[in-house]
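Chains X and B, in that order, give the protein sequences.
The numbering of the first sequence is my numbering, which starts it at 1 and goes up by one.
The numbering of the second sequence is my numbering, which starts it at 224 and goes up by one.
What the hints contain is simulated information worked out from the structure, not anything from laboratory work.
Careful: at least some of the hints might be erroneous.
Unchecked claim - Below, simulated DSSO-like cross-link-like pairs (lysine-lysine); rule was C-alpha separation at most 27 Å, straight line:
hint, chain 1, residue 1, chain 2, residue 2
1, B, Lys598, X, Lys27
2, X, Lys119, X, Lys107
3, B, Lys299, B, Lys353
4, X, Lys67, B, Lys622
5, X, Lys216, X, Lys119
6, X, Lys216, X, Lys67
7, B, Lys466, B, Lys487
8, X, Lys67, X, Lys119
9, X, Lys90, B, Lys622
As the list claims (entries may be wrong) - To be clear about the criterion: a stretch of chain B counts as covered by chain X if any three or more of its residues have a C-beta under 8 Å from a C-beta of chain X, and this derived list gives those stretches:
hint, region
10, 376-388
11, 615-629
Because the structure is a prediction, the values reported are computed rather than measured.
Here a beta-carbon is modelled for each residue, glycine too, at the ideal position from N, C-alpha and C.
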Amino acid sequence: MVKEHFSSQFDVELSEVRLRLLEMGGKVELMIAECTRALMERSSVLAERIIALDGEINQMEVEIDQKCLHILARRQPAARDLRFIALALKIVTDLERIGDQCVSIAKQALELNREPQLKPYIDLPRMADAAANAVREALDAFVRGDVETALRICRDDRIVDELNEQMQRELLTFMMEDTATVERAMRITSISKFLERIADHATNIAEMVVFMVEGKDIRHSPV
Amino acid sequence: MKRKVIGAQLLIIALAGVFLYGYLGRVLERCRDAELAGPLLQGARTELLGAIVISQLLAAILVALCSYLLCRASAKSLNAVAAMASRINKGELGTRVAVESGSEVSELARAVNEMALRAENQLERISEEKNRLDTILRGMGEGLMVADPRGMITLVNPAFHELFALQDQVEGKALIDISRHPALQESLREVLASGQERVEELQLRSGRERTVFTHWVPLVDHGELHGVVAVFHDITDIRQLEKIRRDFVANVSHELRTPVTIIKGYAETLLAGALENPNQAARFVGIVHSHAERLASLIGDLLTLSQLESGTVGMESRSVSLPEAVEHVVALLEQKIHERRIKVDCSGLAEAPAVLADPGRLEQVFVNLVDNAVKYTPAGGSVTLSAQTDGDRVTVAVKDTGIGIPSRDLPRIFERFYRVDSARSRDEGGTGLGLAIVKHIVQLLGGAVSVESSGQGSTFYVTLNCSGKPSDVIRTSQRLALAVNR
Numbered sequence: 001m002v003k004e005h006f007s008s009q010f011d012v013e014l015s016e017v018r019l020r021l022l023e024m025g026g027k028v029e030l031m032i033a034e035c036t037r038a039l040m041e042r043s044s045v046l047a048e049r050i051i052a053l054d055g056e057i058n059q060m061e062v063e064i065d066q067k068c069l070h071i072l073a074r075r076q077p078a079a080r081d082l083r084f085i086a087l088a089l090k091i092v093t094d095l096e097r098i099g100d101q102c103v104s105i106a107k108q109a110l111e112l113n114r115e116p117q118l119k120p121y122i123d124l125p126r127m128a129d130a131a132a133n134a135v136r137e138a139l140d141a142f143v144r145g146d147v148e149t150a151l152r153i154c155r156d157d158r159i160v161d162e163l164n165e166q167m168q169r170e171l172l173t174f175m176m177e178d179t180a181t182v183e184r185a186m187r188i189t190s191i192s193k194f195l196e197r198i199a200d201h202a203t204n205i206a207e208m209v210v211f212m213v214e215g216k217d218i219r220h221s222p223v
Numbered sequence: 224m225k226r227k228v229i230g231a232q233l234l235i236i237a238l239a240g241v242f243l244y245g246y247l248g249r250v251l252e253r254c255r256d257a258e259l260a261g262p263l264l265q266g267a268r269t270e271l272l273g274a275i276v277i278s279q280l281l282a283a284i285l286v287a288l289c290s291y292l293l294c295r296a297s298a299k300s301l302n303a304v305a306a307m308a309s310r311i312n313k314g315e316l317g318t319r320v321a322v323e324s325g326s327e328v329s330e331l332a333r334a335v336n337e338m339a340l341r342a343e344n345q346l347e348r349i350s351e352e353k354n355r356l357d358t359i360l361r362g363m364g365e366g367l368m369v370a371d372p373r374g375m376i377t378l379v380n381p382a383f384h385e386l387f388a389l390q391d392q393v394e395g396k397a398l399i400d401i402s403r404h405p406a407l408q409e410s411l412r413e414v415l416a417s418g419q420e421r422v423e424e425l426q427l428r429s430g431r432e433r434t435v436f437t438h439w440v441p442l443v444d445h446g447e448l449h450g451v452v453a454v455f456h457d458i459t460d461i462r463q464l465e466k467i468r469r470d471f472v473a474n475v476s477h478e479l480r481t482p483v484t485i486i487k488g489y490a491e492t493l494l495a496g497a498l499e500n501p502n503q504a505a506r507f508v509g510i511v512h513s514h515a516e517r518l519a520s521l522i523g524d525l526l527t528l529s530q531l532e533s534g535t536v537g538m539e540s541r542s543v544s545l546p547e548a549v550e551h552v553v554a555l556l557e558q559k560i561h562e563r564r565i566k567v568d569c570s571g572l573a574e575a576p577a578v579l580a581d582p583g584r585l586e587q588v589f590v591n592l593v594d595n596a597v598k599y600t601p602a603g604g605s606v607t608l609s610a611q612t613d614g615d616r617v618t619v620a621v622k623d624t625g626i627g628i629p630s631r632d633l634p635r636i637f638e639r640f641y642r643v644d645s646a647r648s649r650d651e652g653g654t655g656l657g658l659a660i661v662k663h664i665v666q667l668l669g670g671a672v673s674v675e676s677s678g679q680g681s682t683f684y685v686t687l688n689c690s691g692k693p694s695d696v697i698r699t700s701q702r703l704a705l706a707v708n709r
């Protein structure tokens, strides 16, 4: 993506942003995997560890933001490089939000672990997998500049949305049948919602990848 | 080159001209001195001048011809050497030029030939070295990666591709483009910054989930960092085995402690005064007895299993009739079968060929399988045994109409202490080792076990070798010997 330039220092700065961005992506991917595990294995230790990771992610966000602003101010990039910096600034926000959702899931998992399991989780791990896959593939598409994969991620977001709706309906029946389950069911409902948001952020990243490669804005338009 | 030759020719002609002109001038001067400059002499002078000009022209042509011929001869051999040099330059190291003895360029040709030969040998050695290195890298079970100081990958081996589930070429890419695992980035940065070796264990998620032991070594030459080598050793299986061993120890302690606690509890109650009450005393002693019994069978099973696993157990290998063996087993379990009103059908075994086995051990296999089938089949159900021959192998099926096994438990059912429903299994007096023992015995007999299950009961399959042909007997006993040795 970094095209030939007259100034090699500029290249170094751009690839540094890219490296830090992908590193942040890797950390966020790990957080998704770990918070799913914390939930499924009912591990409070793991949940605590994820909550502790949030600080690192926030710090990375600030650092990448600063780097991007620095490049904008000093180099005044144009065309492809400008698109890349704009995209980095947006992706960083999406990644940080995903990190936040993971922390929220971990917090809910901690609460859920205090009580017996409401029901065997079947759709939840499926949703978690779908969301994790979406994030992984969006970042892969970013690495390879792969528009095809990016477009597929945008299309597949519907699957996670449907799973979320299904979960909400199912948990509602639990709550209506037995009021003792309300608290736990509400927690699972919110976890489902968080996972759905993670997939949405992945879609945002994928849309940005399309913009970066083709210079075409596909947001808010049917794919 | 040619220009130089022409220059030399012109020089010779010019020199000859100057010399002749000087000579002529001197002759004319002498003539004037002698005052013999008459018309006669004037004519002779003109003639002389003409002759001189002609002879000079001739000399010039002769010189040109000679030098042309000479130059052409040496240029030809020089051209040959030049052509060879340019072919060597293009990579044709096998090229040689013919050396003409006595020729001026023969020395040069010889030197170039020698140089070509040395270069050829050198290249051969280098490519041999490279091939050897390639073979080593390809054959390595560990994934290997070399990166330059900027973190760009310069070399990987096939095992690395496999470990990270990569399809594309990775050389020239940054590590972050291959894997976004945070620990990998951290290690790379750390090693590049500190120039120190680093060892760590990490969980990889690209492709299958693997536990990987990584060793990072900086490439330092004369105090300068040239890059980093990372070796990835897949230790998933080792960690898995360690876990199984840990679980086994935990399971054994748990299984042993339960009956001991019960025996101890009832014995204490008896000592504390229950002995005085005959009714209670008899009941409590009965409980102590039954748990002591369970403890004994558990220890017996553990011993059997450890013997089977260590391979120290002696296995007989002779022809055993399947119907007879199974009938004996059914007779042993008669009481239990009768109590539960279960129908055991062995008619499917009537046609079965004799198998090659240790009769006592084979009986143990069927006791475990039939006992299990009876245990997990509700009253009034049935257990059916049948056999199917396939070449020199026979597969015995033990089919029940019981509660079945959930499909997620099927792959682990032959593991030690693995129970689908632990409370139920213990109520039935199981040790949790029966199927593990079955598996080990059948494997030592050169056979195999498998299981199928649905909601309507389970079927266990035991495949054994027939004792029909003598060659089979030898083969099986060899395999047995091998298995035992192992």
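Hint check results:
1. Our distance criterion of 27 Å between C-alpha atoms is broken by Lys598/B and Lys27/X, whose separation comes to about 51 Å.
2. Between Lys119/X and Lys107/X, the direct Cα distance comes to roughly 19 Å. Compliance with the 27 Å bound is thereby established for this hinted pair.
3. Between the alpha carbons of Lys299/B and Lys353/B the distance comes to roughly 40 Å, so the proposed pair goes past 27 Å and is violated.
4. At roughly 69 Å between alpha-carbon atoms, Lys67/X and Lys622/B are farther apart than 27 Å, so this suggested pair is violated.
5. Among the hinted pairs, Lys216/X with Lys119/X is inconsistent with the structure: their alpha-carbon atoms are about 45 Å apart, more than 27 Å.
6. Straight-line distance between C-alpha atoms of Lys216/X and Lys67/X comes to about 25 Å, which keeps the hinted pair within the 27 Å bound.
7. For the suggested pair Lys466/B and Lys487/B, the alpha carbons sit about 31 Å apart, so the restraint of at most 27 Å is broken.
8. Proximity of Lys67/X to Lys119/X is assessed by CA-CA distance (about 46 Å); at most 27 Å being required, the pair is judged violated.
9. Distance restraint check for Lys90/X and Lys622/B: the Cα-Cα separation of roughly 62 Å exceeds the 27 Å cut-off, and the hinted pair is therefore not satisfied.
10. With 0 residues having a beta carbon nearer than 8 Å to a beta carbon of chain X, the region 376-388 of chain B misses the requirement of three or more and the stated coverage is violated.
11. Beta-carbon proximity to chain X at under 8 Å applies to 0 residues in the region 615-629 of chain B; the threshold of 3 is not reached and the given coverage is violated.
Checked against the numbered hints above, the structure breaks hints 1, 3, 4, 5, 7, 8, 9, 10, 11 and satisfies the rest.
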